[in-house]
Amino acid sequence: MKFLTTPRIDRCIGCHSCSLACARLIHQQISWSSSGIRIHSAGGLSTGFVALVCLGCDPAPCVTACPTGAFSQRQGGGVIVRKKQCIRCGECVGACPVDAVNQDEHGAVYVCLHCGRCVDFCPHNCLEFDDVDPLTRSLYDD
Amino acid sequence: MTDCFNVLIVDLASGKSRAEIIDERSSVAGGSGLAALLFSRYGQSDQAWDHPSQPFVLAIGPLTGYFPLMSKTVCSFRSPYHDQYTESHGGGRSALSLFFAGYDALVVTGRAKSLSCLSIGSRHVVIKDVGFMKGYGVAMTGKLIRRMFPKSSGHRSILRIGPAGEIGSAMACVNIDSYRHFGRLGGGSAMGVKNLKGIVINGDSSRPLPDNRDYRKVYKKVYDQVTSTDMMRKYYHLGTAVNLQGLNDIKALPWRNLQTTSDPEIASINGDVFADQTLLRNGACSGCPVGCIHLGFFRDKFKEDARYLYHQVPYDYEPIFAAGTMLGVTDCFDVLRILEEFERVGLDAMSAGVALAWASEAVERGLVSEKETIVALKFGDALAYQEAAGYLGTGYNDFYCLLGNGTLKASAVYGGAEFACVLGQEMAGYATGPLYFAAQALGFRHSHLDTGAYSYEQKNHQQDVSKAVDFLIDDEPGRALLTSMVACLFARSVYNSETLAQCLAATGFEALAGSLTETSERIRQLRWQVRIATGFRPDDVEIPKRFYQVATIRGPVDGPYLDSVKAEYGRRIMDLGRADPTPD
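Residue numbers (our numbering), protein chains in the order written: chain B, 1 to 142; chain P, 1 to 584.
Excised from the complex, chain P in its bound form (with noise of 0.2 Å):
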């Protein structure tokens, strides 16, 4: 194996593109530590997220298609949400097409003169205008791009943007072969402001067999791991649906807009009742045989006869509690028609159900009309959400065009600020209490994976700032260092130090394998650097009221707990930045 990266970097606005050789595996591995590497060398600290010579990266990691559940991709960008840098992660066949195409990373700059769609291969790099495909929903945008491209059909990888992504929403997801994303903080804006529409990646080219006899040998280890055990049982079966019932049972799932945290009308909602009854079949990510991915359907009747159309909607706890929890929507089949509307347009389902949730509390309060919402948005009312989806994707009004630019940016405009339920960007679906909330918002990215807070919470009942703190900084870098590898966050019980460290060995990372911990503290210091050299600032971001008065499972929120965590974290996340990044 190499130690170097092979890294694309596609200028769209000349239409020219250049392979280059980077020499710091050993020193940022791969993944997210790539990330953001390239954009500290390609990105504009001095530029918003919209100037065209903003990176968008896509990177994959040194473990990428050499073992199982190794299946993420990582995309970074400026977000046009805080304007500062950050990243997603998602599967689909995205990692495995990039390293068959032969590419440790991609990096777009330069804005197209026209909405075009790239794809690259092995042998070559294409930029076609798709001109024609403005205005499109993601699901259409596939089936053209597809009939555009047919070339390494099953072997690659399709990333799209419906309009919110070319209206420069904030909420504005990225697709990944139908039914994976890179959802937040609006990457779908970081392609489209590029004028992209679509990225095929082809993965049509080999690698060679690591020359290590132990390669096999610990592939079958891990494989027979993932696949012979229950390790990944909770993931395959229900799916993450299963935390439904119970976060709900120890009153820390958000209900209308965070107003509660338990409700007995989870039942209608819960694991159990999205598998019985609109379960239609499993599907998986590239090179992972765990199959987490759950396909819901529902069918409508389009005509007085007989007459049904069905549609297939992934579901996943985060967005059931975005788009029914959240919504007070307690109908299975509802919860996909609203994800199937929100995917329609190219929304993020969290950020969007979420926003919804505050726009709906907000006409309870009187605070906005249907002369704003021009939908009468109501806690329940799943036809409602579904035709407010749209107007929030297209950005049909000044109302919907500020909320979809965040939560918090029309509270400014309308009132309600107090009850915006934002932690860094729209909440995720844990109200295990302060320390989650402190985490979240001020999480790397703004996500519940950043770390561990909200399974420590439901462990430690005593309220340590010192000791929750941390705890925080101290899981932070085997994450950023799984993320750098890349793998899924669920296989972290899989692939520990130890592990990681036979992979790497087995495929030809001996170096790597013997500095995992400098590497993942290294990793996590330069993301740390990156973003604040973009603008992060922890005084900078406010937790609403309604975190504070929300009821958890340890009863009120500890006011004064939650703003001593909050600052202490944000304090030692300064330290990370300010520090000399870890000598190799």
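Okay, chain B solo, but in the shape it has when bound (with noise of 0.2 Å):
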């Protein structure tokens, strides 16, 4: 099962052209915050980026969280998420221990599907798309 990390974040310049692609390719948006990937600076612009992204749990919360069924686990981790059934009530932004859920201010909900296609336009390879197994992670992490 295929994941998207963030290896080498430690590199991200703050262009957020990750951010833009996720919402362009998937969510045919325009946006920066409307994605599945999202980057903040990490306490202010001198001490460099974080990206706000799933990290792929199994059991996910999001998924115990949310009370339709929109969100369900996917095998090995992560979330496949229906649309169609989400209700917009927010209960899975909560639930994400790492802030990976964003709401829009239409109440529509965005995380990452793990699909990998915004790895092409990160200019410093901050991200990879890739199996992971979770207990080489601290070979990765930054």
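Hints were generated in silico from the structure; no laboratory data involved. Computed from a predicted structure; not experimentally measured. Glycine residues also receive a C-beta, built at the ideal position from the N, C-alpha and C atoms. Be aware that one or more of the hints could be misleading.
To be verified - For lysine to aspartate or glutamate, the following DMTMM-like pairs were computed, each having C-alpha atoms within a straight-line distance of at most 20 Å:
hint, chain 1, residue 1, chain 2, residue 2
1, P, K217, B, D120
2, P, K220, B, D120
3, P, K151, B, E105
4, P, K151, B, D99
5, P, K221, B, D120
6, P, K221, P, D211
7, P, K409, P, D11
8, P, K409, P, E370
9, P, K467, P, D563
10, P, K151, B, D58
11, P, K371, P, D398
12, P, K409, P, D398
13, P, K467, P, D575
14, P, K221, P, D563
15, P, K371, P, D381
16, P, K467, P, D398
17, P, K459, P, D475
18, B, K2, B, E91
Unchecked claim - Computed Cβ-Cβ distance ranges for the label pairs, DEER-style:
hint, chain 1, residue 1, chain 2, residue 2, range
19, P, S114, B, R82, 50 to 58 Å
20, P, S122, B, A42, 19 to 27 Å
21, P, N460, B, D99, 54 to 62 Å
22, P, K128, B, E105, 17 to 25 Å
Claimed, not checked - Negatives, chain B to chain P, calculated, CB over 10 Å:
hint, residue
23, H16
24, A23
25, Q75
26, Q85
27, C115
28, D133
From these two lone chains plus the hints, build me the complex, please.
Written as structure tokens, this is what we have:
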């Protein structure tokens, strides 16, 4: 099972190209927040950047919190989203321990689907789309 | 896409705001064109820069947010430097934040009753009293604003000023997101005179994808060009600092108040040295994958024991020229220390460095003394310049107040106008020769980026007034068009007319895409008309003697040629100002 990871996020320059790509290619929007990956400064621009993105929990707390089944468990980790079943309650947003689910001004929620489409748009190769063994994460995290 | 502009008008005096729809997209495009249009509507050509009704304008363009490197914002205002209309351009997160806040422009009018901070977003306009921030430096102001307005972290832009803007210095800049600036011609004081310490722009909404199946294809093409080819390498590798060595080699780099244009000491402060010794990391404006921002560092030992603190300071060619070669400072870390002090008080680095260079020569010649300068200013003395930056930025005494309003203003009182390095404003770091000197002196923003004069001069050896001025006149509309989109001018090789037309058509601006030539000329004319209406007269701009005495790449400057180019360029500009705007 492939996951999107951010093993080299220390290289991030804050261009938001990944977020813009996700919004443009997956969610049919022009946005830096209605996307599965969002870039924030890590406590002010002087300290670099962090990527808010789904870490592929299994079991995923957002799935447990979802009252309608719009979020269901993806085999191996992460979630599958059925937009039509989403009632925009936002329970998934609060349930995510790492703030990886975002809700826009209309109530729609966005979470990484681990499709990897954003990877090619990172100019510094911060992102990776590959099989990840949870036990080896420490070799790649920052 | 809509052919109308959505403009937020905020009146600080009443605390009221309104969104206005302006139907002029096909006429002025956005950015520079929109800013000039808004100033012509809301500005007062018969009132001085500090009149409360004068607008402070931020404008983005039709391609902002839709394509890479469309990442700049145009800031326009009536300048405290020359009391005329002007523009300054900056990036950071400002452009995308305004775009995602849902506006094409922000117009701030009126004067708040007390020092205030304005926060806008797609669903809010808030003005908060920040009287407690009075006198705070730029970095501390940023920290306080982040605490006061925690919303949209990561997707917002914070514009703020330091004390220089609060005292009305003509060299006060607007700091954008710590590392970018609306630097030149006193934008910081255009905010300060409104009692506006900061502006927070929350990019808290999204926009629909253009309804054109070519959009993604065109986006990918442009993205690949800027990331997969060497077109932008100059900017992300050593950055513009690479020019230090090159311009020194051809005798075009101002040293020690332009007493010379080349010096072997360049070996200690060229682009390679900055990258090897000081470069901490790179950054980018939002929406730009190039990442040309170079953040250097220096550290200071603050106790005898091994106790250190470190600072991050953005560097580029021009700040290194201004705080380095122009001041005779040849240690790369010392250059960053001086820049940090300019930053702290909210001074434009180029203006401040050039002003202090004049003051240093004025001290050498006995025109001013420590009675005025407080600290002994001497070329190469980095510590003295760090201290002087604070005096200049806070208007510590009459001398520094006057100097902060322009080197020529100080020299009118103390003497030394002949060696004031002023070309419309304190010079940029290009001593390529007479064409450049005339072009900066009369250029719309008095910027080396108004035209490609510095480049033309390096490539064309003949001195033909007519051909040279034709080049300046012909080169300007394309640049005005790019700054109306609003592209980073580093991307001018990527966004040629054909690509711009493709991008506009794919985004839904078909009418604009089909009329780029006419639109660019119309914008150019409109900008000059607004500028001339606020008092610009080419004959009022004098080029100091120093520019006639310096040796450039082709030897001594040909004075009569410089005078002829300036006269002819001025005549052609005034013709533009009188021309009827090209019909839609």
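For this session: Return the numbers of the hints above that this structure violates; sort them in rising order.
Result: Structure breaks hints 7, 10, 14, 16, 18, 23, 24.
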